[in-house]
Amino acid sequence: MLTLEGLTPAPAQVRGAFRLVPLLRDRPCEDVRLTLQPLSQDLKAVALPDGAQYVAFVPHALCLDWGEGRPPEVALGGQVGRPRGGWRRLELVDRLRRREGSGLRFLPLHLALEGLLALHFGPPRVAWKELSRDFLRAGLGVRTESGVPGNLLPGFEDALRTFELHDRQVGMLVYTGDQLASAFVVPSAADYRQLHRTLLADLYGDLVLRYAALYPEPPLLEATPQFEAARTVADLRVALAAVRRDWATFVQTELLRDLLGRSLMAEPVYSAGTLELDRFVTDLNPAQINHIGERLRRPDGEVLYLKTFQLSAAQTRRAYLLHQLATHQWHLGEAAAALGQTVPDLVERIERAGFGYLLTQAMRETAAKARRT
Amino acid sequence: MPSHDTIAREDLILFLNAAFACSGQREFYHTADEQRVSVQFLHAYILGNYRRLYARTLAAGVNDFNAAEIIVNLLRTGRETPPDFRAEENALLGAALRRLPPQRSWKLLARLRRERVNNRRTRALVRAHMAGQRDLTFQAVKYRRLVRAAALHAHLHLGGELPEFLFGTFRRAFRTPLLETYRQARYSTQAVYALPYSVAQGLAVRHGIPPQELAGRMTARLTEDERLRVQRRSAGVVEVRPERLPLTALCLYVLAMPLTERQARAAELEDWLGRAARAVLKRAPLPLSPGRVAAVLDNSFSASGSREKRRRPLALALATDLLLRAGCPAGTYRAFWTQPTPSSLLVQAAGQTNLTERLLDALDWGAQTVLVVSDGVENDPPGVFHAALRAARRLCPALEVLHVNPVFDAEMLTVRSLSPDLPAVGLRDADDLPTALGFARFAAGGAEVSDLETYLLERVRTFLKPGEAHVDP
Numbered sequence: 001m002l003t004l005e006g007l008t009p010a011p012a013q014v015r016g017a018f019r020l021v022p023l024l025r026d027r028p029c030e031d032v033r034l035t036l037q038p039l040s041q042d043l044k045a046v047a048l049p050d051g052a053q054y055v056a057f058v059p060h061a062l063c064l065d066w067g068e069g070r071p072p073e074v075a076l077g078g079q080v081g082r083p084r085g086g087w088r089r090l091e092l093v094d095r096l097r098r099r100e101g102s103g104l105r106f107l108p109l110h111l112a113l114e115g116l117l118a119l120h121f122g123p124p125r126v127a128w129k130e131l132s133r134d135f136l137r138a139g140l141g142v143r144t145e146s147g148v149p150g151n152l153l154p155g156f157e158d159a160l161r162t163f164e165l166h167d168r169q170v171g172m173l174v175y176t177g178d179q180l181a182s183a184f185v186v187p188s189a190a191d192y193r194q195l196h197r198t199l200l201a202d203l204y205g206d207l208v209l210r211y212a213a214l215y216p217e218p219p220l221l222e223a224t225p226q227f228e229a230a231r232t233v234a235d236l237r238v239a240l241a242a243v244r245r246d247w248a249t250f251v252q253t254e255l256l257r258d259l260l261g262r263s264l265m266a267e268p269v270y271s272a273g274t275l276e277l278d279r280f281v282t283d284l285n286p287a288q289i290n291h292i293g294e295r296l297r298r299p300d301g302e303v304l305y306l307k308t309f310q311l312s313a314a315q316t317r318r319a320y321l322l323h324q325l326a327t328h329q330w331h332l333g334e335a336a337a338a339l340g341q342t343v344p345d346l347v348e349r350i351e352r353a354g355f356g357y358l359l360t361q362a363m364r365e366t367a368a369k370a371r372r373t
Numbered sequence: 374m375p376s377h378d379t380i381a382r383e384d385l386i387l388f389l390n391a392a393f394a395c396s397g398q399r400e401f402y403h404t405a406d407e408q409r410v411s412v413q414f415l416h417a418y419i420l421g422n423y424r425r426l427y428a429r430t431l432a433a434g435v436n437d438f439n440a441a442e443i444i445v446n447l448l449r450t451g452r453e454t455p456p457d458f459r460a461e462e463n464a465l466l467g468a469a470l471r472r473l474p475p476q477r478s479w480k481l482l483a484r485l486r487r488e489r490v491n492n493r494r495t496r497a498l499v500r501a502h503m504a505g506q507r508d509l510t511f512q513a514v515k516y517r518r519l520v521r522a523a524a525l526h527a528h529l530h531l532g533g534e535l536p537e538f539l540f541g542t543f544r545r546a547f548r549t550p551l552l553e554t555y556r557q558a559r560y561s562t563q564a565v566y567a568l569p570y571s572v573a574q575g576l577a578v579r580h581g582i583p584p585q586e587l588a589g590r591m592t593a594r595l596t597e598d599e600r601l602r603v604q605r606r607s608a609g610v611v612e613v614r615p616e617r618l619p620l621t622a623l624c625l626y627v628l629a630m631p632l633t634e635r636q637a638r639a640a641e642l643e644d645w646l647g648r649a650a651r652a653v654l655k656r657a658p659l660p661l662s663p664g665r666v667a668a669v670l671d672n673s674f675s676a677s678g679s680r681e682k683r684r685r686p687l688a689l690a691l692a693t694d695l696l697l698r699a700g701c702p703a704g705t706y707r708a709f710w711t712q713p714t715p716s717s718l719l720v721q722a723a724g725q726t727n728l729t730e731r732l733l734d735a736l737d738w739g740a741q742t743v744l745v746v747s748d749g750v751e752n753d754p755p756g757v758f759h760a761a762l763r764a765a766r767r768l769c770p771a772l773e774v775l776h777v778n779p780v781f782d783a784e785m786l787t788v789r790s791l792s793p794d795l796p797a798v799g800l801r802d803a804d805d806l807p808t809a810l811g812f813a814r815f816a817a818g819g820a821e822v823s824d825l826e827t828y829l830l831e832r833v834r835t836f837l838k839p840g841e842a843h844v845d846p
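Chains E and X supply the protein sequences, listed in that same order. The numbering used here numbers the first residue of the first sequence as 1 and each following residue consecutively. The numbering used here numbers the first residue of the second sequence as 374 and each following residue consecutively.
I should point out that these hints are in silico values taken from the structure, not numbers from a laboratory. Note that the coordinates shown come from a computational prediction; the quantities given were computed from them, not determined experimentally. There's no promise every hint is true.
As the list claims (entries may be wrong) - Only part of the chain E face toward chain X is listed, based on derived beta-carbon distances under 8 Å:
| hint | residue |
| --- | --- |
| 1 | Ala230 |
| 2 | Val233 |
| 3 | Val238 |
| 4 | Ala242 |
Each residue gets a CB set at the ideal place from its N, CA and C atoms; glycine is no exception.
With the sequences and hints as input, model every part of the structure.
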């Protein structure tokens, strides 16, 4: 379950297609800092533990610093590896996350993306004869997922430029077409001020681009004024507080329906002192919009860092399918039964999702023949 | 369906508000192009439908940008002037052109040439304008290209050596000293320092004089605006003379200082600002009802303005604070900034806009008149000010709320108001605050279009009174 523990949403600010909800931290956080680390803007290649390679365009990195009683330090010029020659540089970054000096350097959102691409899908343990030889020998092979950089979203730059930051603001929920496009939370307000503009360099789902272009003006949600019954100025103050509270509950219950109250598949990635950095994906229900993300939490559940990415329907379908196959150890019969389908239909589904190359040619032909009759 | 009169009244108030606030420049929320397109549409619309009122708005204290637009538009469509209105319109045009600052009026005349607006009335207007100049030689030196365009366009026969200066080749010496200096400055470095600063700037480049040296040696000849522009770069050689600056310019100057400097020179700055505010009030007192007055001043992030109008909304809020402080008897005025500051002098633009909370603070304090200065974009939470205002009016029936808005909203074609019950009034210059407050009562009072006409006629009468200077009543 994803919760915004320790955070209170403030009333949204609307500009163009974007509804931006500021998140305020209830208790100031003084022992953890998240800062921007300069990285040259280039393609990065990361070797994963299982021998696979993760290649991505990375605009910037974050540096996480924790501990008490000492001033946070940031390692500057944290460039790792060496550029290879040629017109298109591919930089080697030895790990997505790396202990550096006293802090941890990691590439925002790529922890989650790496998970989506490779880690949520257990490889088959049994060499079923339906699976192609290449798959058994080389694994899933090359997979790509795409996103849209924030500066391509029409109106997003304007919305961020004219956004009025709150004093205690540590995060932001971005909505387009009243769907959560992304959530971003950092430990302290000072960090957020520094990182506000990086939202523009981040990655967003395809659907966000479509909504940003198609729904230019989200309706203004005007909290029903509770000022009618006021008898004194003090009552008016109470009413104002009530409207603010209504806004917070509205965000928590309605605007976050995509995320709240849904089970998450979470996987710890790193432990920083008592804090835990993990990546998660929502339950991959194809009927709903799903998100992947990464977060850092205290033992008491307070969210210190959060970043999410909205999956497109196709991405959800692919992830769901692979996840189902992995839970059934790639046994097609069992997986089809669990999905309430026949095996030939499942084969067609696998082919349509772009994973046809995982099955043998014979298997695909048999299934096609079975479907025709 | 609203009656014709209601529509006319609303249209005019819309237009006047735009003409008070919009300057066709980039604002926090809108680009310069959006502003221009929007305000030009308004001009075309009002000109087409209410020509007399359109001409009379020249007298209502509209800003220079809009006054120039109105003059050009009226000249361009001279044929549509009703015969019985001709004399008044001509008088208005002449008076308005005389009141424009020289750089604007010369630019306007050159623009008439570029846009090929040329008729007998235009030529007569240009001729009268030239004849009315106190020192045409100086103007010709300072705005040589523009004056030449105007003279060419209106087929003017200028007297003395001016034709030779504007159209000649500078072979022979002039008898007029200033013209001769200009001629010599093309060859001699010494003569450059005897010219007006902006002219000297161009020639200094030719002679390779560094800008600092030029400003340093010409200190005595700089105008106030030029002083403001160069003083930071001049390393202390050029100083600002605060007593000669208008209030808004002074506020902008103070707000551009770093906080530490403002803190260190607090007493001195307070003194300057107070004096400038009292000077404004001496010309026109604030039309405020007796009783406690509170100002709800917006210093949220959007008050930082734009690249072209840096901190302008904030400067107007500060100027309003100063005017009220100087204009209200001791103990009857208090300022409520949306992000509270220890002193108005240290105010900065940051954070969200929570006007409602400050309104309630003002009510708690017992304010009878509340003046809101804000761009009208409220976001903490949005739309609550309206509800709070309604309730507050029910609780304190004598409460009077006025909203002054320094930002023109290009999308809504007017200055944005905080509540349908509270029409906002545009404001570009703090000197116009007394006018704006008078107009605000008028705009909020649900007056008829005939009242508006009488109001404008009254303004026209004082505007056209001979010998009346730039001052608004």
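Going through the hints against the structure:
no.: 1; hint: Ala230; result: holds (5 Å)
no.: 2; hint: Val233; result: holds (5 Å)
no.: 3; hint: Val238; result: violated (10 Å)
no.: 4; hint: Ala242; result: violated (11 Å)
In summary, the structure is inconsistent with hints 3, 4 from the numbered list given earlier, while agreeing with the others.
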